[in-house]
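So the protein sequences, as listed, match chains A and B. Okay, so the first sequence: first residue is 1 according to this note's numbering, each after it adds one. Okay, so the second sequence: first residue is 1 according to this note's numbering, each after it adds one.
It should be emphasised that the hints constitute simulated quantities derived from the structure, not laboratory data. It is possible that part of the hints are untrue.
To be verified - Derived pair list, reagent style DSSO-like, types lysine-lysine, alpha-carbon separation capped at 27 angstroms:
| id | chain 1 | residue 1 | chain 2 | residue 2 |
| --- | --- | --- | --- | --- |
| 1 | B | Lys-18 | A | Lys-406 |
| 2 | B | Lys-30 | B | Lys-194 |
| 3 | A | Lys-367 | B | Lys-194 |
| 4 | A | Lys-367 | B | Lys-145 |
| 5 | B | Lys-145 | A | Lys-379 |
| 6 | B | Lys-30 | B | Lys-15 |
| 7 | A | Lys-263 | A | Lys-249 |
| 8 | B | Lys-100 | A | Lys-379 |
| 9 | A | Lys-406 | B | Lys-100 |
| 10 | B | Lys-56 | A | Lys-379 |
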Amino acid sequence: MKKFSSDYKYGFHDQVTPGFKVKKGLSEAVVRQISKQKQEQGWMLDYRLRALEIFWAKPLPNWGADLSGIKFDNLIYYSRPQGQQEKKWSQVPAKIKKTFDRLGLPQAERKWLAGVKGQYDSEVVYGSLKKELKQKGVIFLSMDEAVKEMPELVKQYWGTVIPAGDNKFSALNSAVWSGGSFVYIPKGVKVTEPLQAYFRINAASFGQFERTLIIADEGSEGHYSEGCTAPAFSESSLHAAVVEIIVKKDARMQYTTVQNWYKNIYNLVTKRAWVGEKGTMIWTDANLGSQVTMKYPGFILAGRGARGEMLSIALANKGQHLDVGSKAIHLAPDTKSVIISKSISLNGGRNSYRGLVQINRGARGAKSKVICDALILDKYSRSDTYPTNRINDNSATLEHEATVSKVGEEQMFYLMSRGLKEEAARSMIVNGFVEPVVKKLPLEYAVEMNRLIELSMEGSVG
Amino acid sequence: MKWQIINKAQEYKIKVNKNEAIGVVMPINKGGQYRVIVDLLGQGARALILGIIIGKGKDMIDLTTETRHVVGNTHAETMIHGVNQDESMTEIRGMIRIDKKADQVTDFLTEKVLLLSDRARATAVPSLEIKAHEVRASHAATVAKLDEEQIYYLMSRGLSRQQSEELMVQGFLQTVVNKIEDDKIRNQICLMLKQ
């Protein structure tokens, strides 16, 4: 059996001296220090300190994955690389540049992206946005810049979709957040190419807490995507992001994640979108890496005719527990949600689907459809499904389906009788299994996705 | 198949041994907490769990079912159909648990609820925990109101709206009743439903 780590080509680590980092552990002093480093205004510091209180008051969730391995006192909560955020690639410090080179950022940017942010540990080190978009009024800043340069716009939406007290890790993020993106797409503007963020954790025993806020104004369209990698260390690191999205009337937003953290990362992320009248929110979510992931991207369908879609793939290999799913809250009439989740467990990995569909009274004619399919590839692996469907309006329709199965012997036999090797046959079946989700990804991701799945499957025992 | 009727709001633990087959019917028409845990302990054990729920007034009906496959070659099916009238509320939690090495297991769980009034509510939580490999398990849940097209069809055949609705509800619940192979038990349940 091949180990996942040997396939992980992003496991390298750079010897970079940080420009500034706080002492190990979490305290009020650390929060004040971060805020001071960023020269923040009073309201943000107050917000951080309030959130810290909430974080301490809340217990760890007693459901889901085992989080007892997180050593909150051992983590470094802020580490700033040297230098500023650069607009020109050539000005980025050489060592950091090399990292992103190896991750393929500059090539991708040249080829097919509308804008890029690269985050290295706590801070965004590089950012760009196409000129045409800037002229149309599109804003793509690091969250820190946005808080400084347009506090009024930020304040209006900050914490409105995910308040600090939403859960323990949103509270932690609110207290020590750093980095992330701020996106504003003005009325009627359509951004056809994706805006991309790269998140890289380089330090060991580190916590990355980026904060992203996306506002798609009336009738606008956009696609934001993120990719995550980390070096191969034995100590665990923590990634606790908060992503808030506001999709206004008739707007459409897609958010794509390809999560490929190394297997030492606790990935505990809160993502939610508020969707107005006839707006559409699409989450496409691929989880391949991390030791533990708990993530339930959701949508609050607040305006009449709002739509939400969630498509996810999770591949849990040896030592991984991926507890992922989605939350759909229907508040208005004629709202629709579709949740499709595909998971593959192999070499002792564990996948859990955990989801909520809530249709409130008054959401007349709301419809929701949930499909979660799981493949278990061997006898060491595990798959769970925990969906909650709460229907409080009698004109609503809910359908929920789930199946768990293994790769069928007949399917394998058929493919092998056509001359395919066992490994190739299995990988073809798995690729067919995730196909409905993969085909919703932009082409470049779809190709990468298929390749990653094949890599992870290589040498696996069925 | 040995049959057992459960209609009290309490917890029942049922053990199914090697090559045994057990049927459980739950005609529920009163509020309360009902729990049925079925352990399939021996190879060849089979269980069929049927639930017929009628909620009315301000009833809160809370039904938990669990089938746990401790060894391989065990089979279970759970089918629960419920209707909610007035301001009643139903919460159905179903769990399929398949332990390690319990291969050649099949288990299916269906939870369907019809909401018949504006103020009726329902929550369906069908869960799976699967640690074995050679299994086939699935669950499905739906919550909806009566299909207007079907009502329209029946009315176009000369039935009143009320008659059409009653007929459809009856058919919906009858699907579950029809799974009872034992004539005596089936007739008994039919009588209960008529009341």
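Going through the hints against the structure:
no., hint, verdict
1, B:Lys-18 / A:Lys-406, "26 angstroms, holds"
2, B:Lys-30 / B:Lys-194, "15 angstroms, holds"
3, A:Lys-367 / B:Lys-194, "33 angstroms, violated"
4, A:Lys-367 / B:Lys-145, "12 angstroms, holds"
5, B:Lys-145 / A:Lys-379, "41 angstroms, violated"
6, B:Lys-30 / B:Lys-15, "26 angstroms, holds"
7, A:Lys-263 / A:Lys-249, "40 angstroms, violated"
8, B:Lys-100 / A:Lys-379, "8 angstroms, holds"
9, A:Lys-406 / B:Lys-100, "15 angstroms, holds"
10, B:Lys-56 / A:Lys-379, "46 angstroms, violated"
Checked against the numbered hints given earlier, this structure breaks hints 3, 5, 7, 10; the rest are met.
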